[in-house]
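Construct all of the structure, not just a fragment, from the sequences and the given hints.
Number of protein chains: 2
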Amino acid sequence: MTLPRSTPPEPQPQLPETPHPPQRHPGGRRPGENRTREQILDAARECFAERGYDATSVRRIAETAGVDQALVHHFYGTKEKLFLNALEIPLRMPEALAEAAAGDRVGLGSRIVLAHLQVWEDASARPAMMTTLRSAATHRSAAAVLRDYATGTIREALGKVITGEDAELRIALIATTLIGLSLTRHLVRLDPVPEVSPEELAARLGPVIDLHLDPVTPAA
Amino acid sequence: MTLPRSTPPEPQPQLPETPHPPQRHPGGRRPGENRTREQILDAARECFAERGYDATSVRRIAETAGVDQALVHHFYGTKEKLFLNALEIPLRMPEALAEAAAGDRVGLGSRIVLAHLQVWEDASARPAMMTTLRSAATHRSAAAVLRDYATGTIREALGKVITGEDAELRIALIATTLIGLSLTRHLVRLDPVPEVSPEELAARLGPVIDLHLDPVTPAA
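Residue numbers (UniProt numbering), protein chains in the order written: chain B, 1 to 220; chain W, 1 to 220.
The reader is advised that the hints may include incorrect statements.
Stated by the list, open to error - Derived lysine to aspartate or glutamate pairs resembling DMTMM-like cross-links, with alpha carbons at most 25 Å apart:
| # | chain 1 | residue 1 | chain 2 | residue 2 |
| --- | --- | --- | --- | --- |
| 1 | W | 160 | B | 200 |
| 2 | W | 81 | B | 191 |
| 3 | W | 160 | B | 191 |
| 4 | B | 81 | W | 191 |
| 5 | B | 160 | W | 191 |
| 6 | W | 81 | W | 63 |
| 7 | B | 160 | W | 200 |
Keep in mind the hints are simulated off the structure, nothing from the lab.
Here it is, written out as structure tokens:
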């Protein structure tokens with residue numbers, strides 16, 4: 001298990017309002033640059049969470065981070081690219097699903113569902129995934145992130161198992177199952193889904209994943 | 001097939017800014033009252049769509065509708081109740097699912113999925129459902145509407161078929177399947193789900209619904 005790609009959601013002290021140069025420590029250029037990048041990301045997360053994607057300008061993010069707007073563009077390019085970086089998708093999910101897929105074919109579906117649920121149970125990974133899922137319903141960029149992430153993760157974990165002409169559709173239907181489950185368990189909170197144990201949900205939805213593992217017209 | 005509960009999404013002319021009494025036609029009280037109610041609903045939809053639930057006040061809705069604020073409370077109670085009314089959930093879905101459930105047990109799951117998809121294909125019903133699903137990811141009230149609507153609709157259609165101690169969970173998992181499908185087909189647009197025909201999706205996901213129709217420990 002690795003840590004999420006981005007920083008943990010540690011509370012940040014109030015950032016200075018006045019602009020200051022990116023390198024505070026002239027001796028080491030890299031650490032100063034990394035600090036500025038993180039500072040911009042934190043400011044972006046704060047602004048996007050508070051006002052949403054559309055109402056947030058790069059200028060406002062730069063002001064919140066206390067850096068020059070040109071520096072934001074230098075490090076992250078467009079507002080959309082900055083948004084994608086700010087979404088903080090954890091790397092833990094691809095690893096967990098790949099581990100679950102590694103074993104025997106029997107019970108594979110249940111292991112996938114359980115691994116998915118366990119990453120969501122993790123307090124350090126959940127907020128980032130909540131933001132992504134929530135934003136995906138309203139923002140095109142976030143929807144694109146979720147699309148790439150969901151299918152990419154499942155393709156990586158199950159690509160050797162899921163073959164055939166309809167492989168992409170079956171991967172998408174597995175993603176649909178897992179995304180739907182996260183939605184009703186964590187966002188919409190459809191009773192009794194949030195109260196059921198991961199193990200029981202894995203037992204119920206494992207066979208659903210198993211259904212999508214095989215082509216509709218089985219070869220052999 | 002009945003029409004949606006609320007008015008079709010016909011473009012409304014700009015509403016008057018000045019307040020006016022609810023009854024324009026003193027001869028018939030009911031039609032004037034209905035018109036005012038619709039006027040308030042249209043204003044609410046406009047405001048909620050434009051500024052979101054939190055930033056919209058009852059006062060602003062009353063101003064947009066050109067009526068007294070007290071009248072909004074009189075007709076709809078709280079802002080939340082007005083929001084729920086404004087969501088325009090179509091009555092077509094419960095009817096379509098009930099019709100699909102009426103036939104033989106063989107192929108029941110596929111018929112449910114197909115009926116669900118066909119209501120979503122309908123141009124007059126889709127915007128309302130899109131708004132509900134989209135809002136459910138961010139607004140508690142909308143999530144509550146979706147919860148009641150989804151489980152209520154499925155319980156009504158399949159309540160006789162789905163029995164046993166775990167009936168509520170199985171109903172919720174069928175709702176999860178259908179909500180997840182709508183999310184990846186219409187909102188997140190997870191390739192290739194939006195391009196696949198309703199019939200093919202019904203063939204793929206029908207067996208998933210069928211899995212949830214029976215209790216996990218079958219009672220003979």
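Hint check results:
1. W:160 with B:200: Answer holds: residue 160 of chain W to residue 200 of chain B is near 24 Å, not above 25 Å.
2. W:81 with B:191: Holds, because 21 Å separates the two Cα atoms, which is no more than 25 Å.
3. W:160 with B:191: Holds: residue 160 of chain W and residue 191 of chain B sit about 20 Å apart, inside 25 Å.
4. B:81 with W:191: holds, 21 Å
5. B:160 with W:191: holds, 20 Å
6. W:81 with W:63: holds, 18 Å
7. B:160 with W:200: This hinted pair holds, its Cα atoms lying about 24 Å apart.
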